[in-house]
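Colleague: All chains should be built: construct the whole structure from the sequences, respecting the hints.
The listed protein sequences derive, respectively, from chains A and B. Under this note's numbering, the first sequence has 28 at position 28, and the numbering climbs by one with no breaks. Under this note's numbering, the second sequence has 129 at position 129, and the numbering climbs by one with no breaks.
The hints are simulated quantities; they were obtained by calculation from the structure and are not laboratory data. There may be inaccurate statements among the hints.
[To be verified] Straight-line C-alpha distance at most 30 Å; calculated DSSO-like pairs for lysine-lysine:
#	chain 1	residue 1	chain 2	residue 2
1	B	K196	A	K212
2	A	K212	B	K221
3	B	K92	A	K358
4	B	K447	A	K371
5	B	K440	A	K405
6	B	K92	B	K306
7	B	K139	B	K375
8	A	K358	B	K111
9	B	K53	B	K331
10	B	K512	B	K280
11	B	K196	B	K221
12	B	K53	B	K88
13	B	K431	B	K499
14	A	K402	B	K88
15	B	K81	B	K53
16	B	K499	B	K176
17	A	K358	B	K81
18	B	K312	B	K221
19	B	K111	B	K305
20	B	K280	B	K81
21	B	K375	B	K334
22	A	K371	B	K280
23	A	K358	A	K402
24	B	K135	B	K111
25	B	K176	B	K440
26	A	K371	B	K88
27	B	K312	A	K358
28	A	K371	B	K81
29	B	K499	B	K440
30	A	K405	B	K280
31	A	K371	B	K92
32	A	K358	B	K176
33	A	K371	A	K405
34	B	K139	A	K402
35	A	K371	B	K312
36	B	K305	B	K88
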Amino acid sequence: MAKEQTPTLTKKATVKKVATPKKKAVAKKATAKKTAAPKKTATKEVRAKKVATPKKSVVQKTLPKKTVTKKKAVAKKIVVKKRAATRTLAKAFAKKMSGMAMTKSLVTAMVVEPETDFDLDAEYSVPHLTKAEAIRPLGIKDQKPWKKTQSYQSAEVPELSEQGIHVVVRDPWWLYAYWEINPAVERSVRNSLQPSEVSGLRRTLRIYQLSKSSYWDIPISDFAESWYINTQSPGETFRVEVGILTLQGRFLTLVASDEISTPGVGPQQIDEDWPITDESYWELVSITLGNEGKSGPLQAQRLFEHQLTSGVLFSSEGSSPGGSLGLQSGGSRYPDEGSSKKRQFFLELNTELIVYGKTMPDADVSISGQKIQLQPDGSFSLRMHLPDGAHSIPVEAVSVDKIEKRCITPTVTRQTRTYQSLKKENGT
Amino acid sequence: MPQGYLSIVLHAHLPFVRHPEHDQFLEERWLFEAITETYIPLIMRLERLHLDKVNCRIALSLSPPLLTMLSDPLLKERYEKYLVSSVKLAEKEVVRTQWTEDTAQVAQFYKNRLTEILRLYQNEYQRDLLSRFRKLHDKGVLELFTSCATHGYLPLMQSHPDAARAQIRLGIETFKRLMGFDPAGLWLPECGYHPKHDTILAEEGVRYVIVDAHAVLFGNKRPRSGVYAPVTTPSGLSAFGRDLISSRNVWSATEGYPGNTQYREFYRDIGFELDLEYLKPYLNPDGSRISTGLKYFKVTGQTDKKETYQPKEAYEQAYSDAEDFLANRVKQIKSLAPLLDRPPLVVTPFDAELFGHWWFEGPDWLDMLVRAIHKSDEVALMTPGDYLDEYPDNQPMQLSLSSWGVNGYHEVWLNGSNDWVHREVQAITQKMIDYAQQIKAPSGEQKRLLNQMARELLLAQSSDWAFILKTQTHTAYAFRRIRDHIDRFNRLEEFLKTKEIDDVWVGDIESKDNIFPFMDYQIYAYDSHCHTQSISR
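Modeller: Structure below.
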């Protein structure tokens, strides 16, 4: 029956929530992407309203971290009221959603009127959903989009809601999720709570591992806007939701992400067109990693797996400065800001000697046999590192007509004595 | 006939740093130091190799920001000033150190070296490094290619394909305009590969990319040749996997060549050691100590008592390390050859700035390595492009998400120290795409604002800022840059919306962030554009 509605839906494939534009529309067979989370789809002419009420559900918590659930959530009452939505709005939302591609999806405030009479018996099975996810929000009437949507002419662009959640794969084991929650959505969700549920609410991150039809929760602070999620599962597909968990275990979704997959880390499919024996292949891998000559292919494979799981495979060694913080600080591209090292107390001492003088500006002056440049006023200045010992500095000036010559030779001696002491602390 | 091939791939990149609003700007020295220590020394040696009729084939990627900076008149002028001042300091140092014989020798070494570099830059190169690179390309010494527009880290743009496309297309466009021909391939910033970008790369005409080893080893098929032959992605892109062991020979902090006790110690610079008054004219205008490039000590060992650097001994060390590297590759190729159905190709990519700037003797090592390979019957140099000409049919497979950063994925660019950057940049990316999709027929003024907004977005995307925040060096500058570009973007957006435009301010921003003069913001509507087209069809 879902098919029947499609013509009235917006064409954008990214609009995932099935809307029920007219009465008697029934959503059946929610796809994996569907959730009972309050999502609104603005169709061309109609805004759908819906209440999903769970009939019955059983939550089996087999593991503290991952809970296996597979059940039917039954949306009983779907109430629809025809309401005009502007084309612009529909277009703007659709556009926004298409722009967000796979890691972002929008959830906008749901408008509900539970008192209305249409009873649609909309029954649809939703994989991985529990009673907690079926929500029964209470009404916010005539709610406007939380940010003003403008129709755009040339430069004018509608201000779109930022509500949503992004999930980025950081590596095969970790996801990074960040979100923004529309206060109006949160209000409406909270309004849907039963009086008995109001205390002990907990902001919760729920991660669905789709292939295993399971999920697990991470309790988070109300102020958290992002989270690194350790999934420990390469090659898996996830969906992340931020919601409110009641003490009774009901989960009310605030935002839900699209599906996101972590990359696999092997083993790979054998390519029959490009065959290679196990033995040769693992030898190849050993050579890549510098493990060659360490016995047979099985060992090679084990070593590879060990290096993979222990992170050695990707360690900074042998990597670039882009990653190679191993090359001390700074890497190769950016000159270091300071070369000062962390040291104990120290004293360094050097001496330098400044030799300066003045003559006719057009004279030739040499110091220790080396000709030097004079300032326009005939002055000159030299600075020399002065090591221990006696040093003579013959300074010679010859007049421009080569008739007069003056020589001055100072001799300087540096002698250095050093002394160190270390006060011992009591008892040492 | 050699038994295998070595592909040396260098990637030269610096973030776009150009501050006309200040007479001197500390971070512009990143470019100046890299020119003096890496780019010119490389050009000198490669030209010499060509004159000596040594076979040399090296792939070099010049990033778009670097290309732009190397061709920028203001920065060229400032570099020359910087170099003249460096020569002056080196001359003073020769006098100052005359009573300490070994130091005096190093000082003299620097003076000669810098004087020669100044002469080359002013006279022979006519301040134009790009044409020298172009000549080396024409002579068949270099295979030149480029990277993404501002070195944006592509995998984190996974939800905005148009943002990735803009990085790729504008990068290639910059290269074409400044070099006059098509780049041979594309250097993925930080070797960051996302399978989603495969099609975009192919559509933008990219022939090959370099990826880290696990991109291939964790691909969807078992690679027949490991990382020792490229693979072809579903869109027809060729990808070369990095050989880890040869990289480690050079990169590793513990076993890598640059750590040899004979080599120059990077962290001991007279800028941090000599009397402040004496150094003043060569330091930052605020008087803070900075590197001068004059470094008198060798690595010596795990001690603070460093010995004086001996250029000749270091040079000999570079020679023996080049021989060692080649011997290891020969050994490696000999063990690989029986396992493959064709000669193995060992791909070793490096950041170009490693050679010369960080590892002072690196250019000498490279030069001697090329000469040693020239004499070898067992190994020959081959660029990725050459390989594809010779072996166009490679195993098809999809690669895994990957990068060459620590831990192999995105952790360096996405962690507690810098994830806010990702978040904020994503937000303006979304705005940019929204505007591009909606404003199809802009007025001249709108176009101007939108183009500049696109530049600000791109500059904020540079992977360097997130990297710097992570490594905790120069964080203040990186922070400033991200903030500036995001703020400028938002202010331009405000003008776009209110139509009240501060013309002077916009002009000022355009003159500062003047990268991509050919910008057309419509690139950010590319995919939606295609989408509409396919629907109307």
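Colleague: Each hint should be assessed against the structure and marked as holding or not.
Modeller: Here is how each hint holds up against the structure:
A C-alpha spacing of about 25 Å is found between B:K196 and A:K212, which places the hinted pair at or below 30 Å, so the restraint holds. A C-alpha spacing of about 24 Å is found between A:K212 and B:K221, which places the hinted pair at or below 30 Å, so the restraint holds. Only pairs whose Cα atoms come within 30 Å are accepted, and B:K92 paired with A:K358 is accepted, the gap being roughly 19 Å. For the hint pairing B:K447 with A:K371, the CA-to-CA distance comes to about 62 Å; that exceeds 30 Å, so the pair is violated.
Proximity of B:K440 to A:K405 is assessed by CA-CA distance (about 82 Å); at most 30 Å being required, the pair is judged violated. For the hint linking B:K92 to B:K306, the alpha-carbon distance of about 23 Å falls within 30 Å, and the restraint holds. This hinted pair checks out: B:K139 and B:K375 have alpha carbons roughly 20 Å apart, not beyond 30 Å. A C-alpha spacing of about 27 Å is found between A:K358 and B:K111, which places the hinted pair at or below 30 Å, so the restraint holds.
Taken as a hint, the B:K53 and B:K331 pair is honoured in the structure, with Cα atoms around 26 Å apart against an allowance of 30 Å. Our distance criterion of 30 Å between C-alpha atoms is met by B:K512 and B:K280, whose separation comes to about 28 Å. As the CA atoms of B:K196 and B:K221 are separated by approximately 17 Å, the hinted pair is consistent with the 30 Å bound. For the given pair, B:K53 sits about 36 Å from B:K88 by alpha-carbon distance, which is inconsistent with the 30 Å threshold.
Restraint check for B:K431 and B:K499: satisfied, since their Cα atoms lie roughly 17 Å apart, inside the 30 Å limit. For the suggested pair A:K402 and B:K88, the alpha carbons sit about 29 Å apart, so the restraint of at most 30 Å is met. Taking the CA atoms of B:K81 and B:K53, the gap is near 35 Å; set against the 30 Å cutoff, the hint is violated. About 35 Å separates the Cα atoms of B:K499 and B:K176, which puts this hinted pair outside 30 Å; it is violated.
At most 30 Å may separate the alpha-carbon atoms for a hinted pair to count; A:K358 and B:K81 meet this at roughly 29 Å. For the proposed pair B:K312 and B:K221, the alpha carbon gap of about 50 Å is over 30 Å, so the pair is violated. Taken as a hint, the B:K111 and B:K305 pair is honoured in the structure, with Cα atoms around 25 Å apart against an allowance of 30 Å. Straight-line distance between C-alpha atoms of B:K280 and B:K81 comes to about 16 Å, which keeps the hinted pair within the 30 Å bound.
For the hint pairing B:K375 with B:K334, the CA-to-CA distance comes to about 17 Å; that is within 30 Å, so the pair holds. A distance of roughly 24 Å separates the Cα atoms of A:K371 and B:K280; the hinted pair therefore holds under the 30 Å criterion. For the suggested pair A:K358 and A:K402, the alpha carbons sit about 17 Å apart, so the restraint of at most 30 Å is met. The straight-line distance between the Cα atoms of B:K135 and B:K111 is roughly 28 Å, inside the 30 Å bound, and the hint therefore holds.
About 26 Å separates the Cα atoms of B:K176 and B:K440, which keeps this hinted pair within 30 Å; it holds. For the given pair, A:K371 sits about 15 Å from B:K88 by alpha-carbon distance, which is consistent with the 30 Å threshold. Restraint check for B:K312 and A:K358: not satisfied, since their Cα atoms lie roughly 40 Å apart, outside the 30 Å limit. Restraint check: the Cα-Cα separation between A:K371 and B:K81 comes to about 25 Å, which is no more than 30 Å; the hinted pair holds.
Taking the CA atoms of B:K499 and B:K440, the gap is about 17 Å. The hint holds against a cut of 30 Å. Restraint check for A:K405 and B:K280: not satisfied, since their Cα atoms lie roughly 34 Å apart, outside the 30 Å limit. Distance hint between A:K371 and B:K92 is fulfilled; the C-alpha atoms sit about 13 Å from each other, no more than 30 Å. Proposed proximity of A:K358 and B:K176 is contradicted: the alpha carbons are some 58 Å apart, above 30 Å.
A hinted pair counts as satisfied when its Cα atoms are at most 30 Å apart, and A:K371 with A:K405 qualifies at roughly 14 Å. Note on B:K139 and A:K402: the hinted pairing is violated, with a Cα-Cα distance of about 55 Å set against a maximum of 30 Å. Annotation: proposed proximity of A:K371 to B:K312 holds, straight-line Cα distance about 28 Å (limit 30 Å). As the CA atoms of B:K305 and B:K88 are separated by approximately 28 Å, the hinted pair is consistent with the 30 Å bound.
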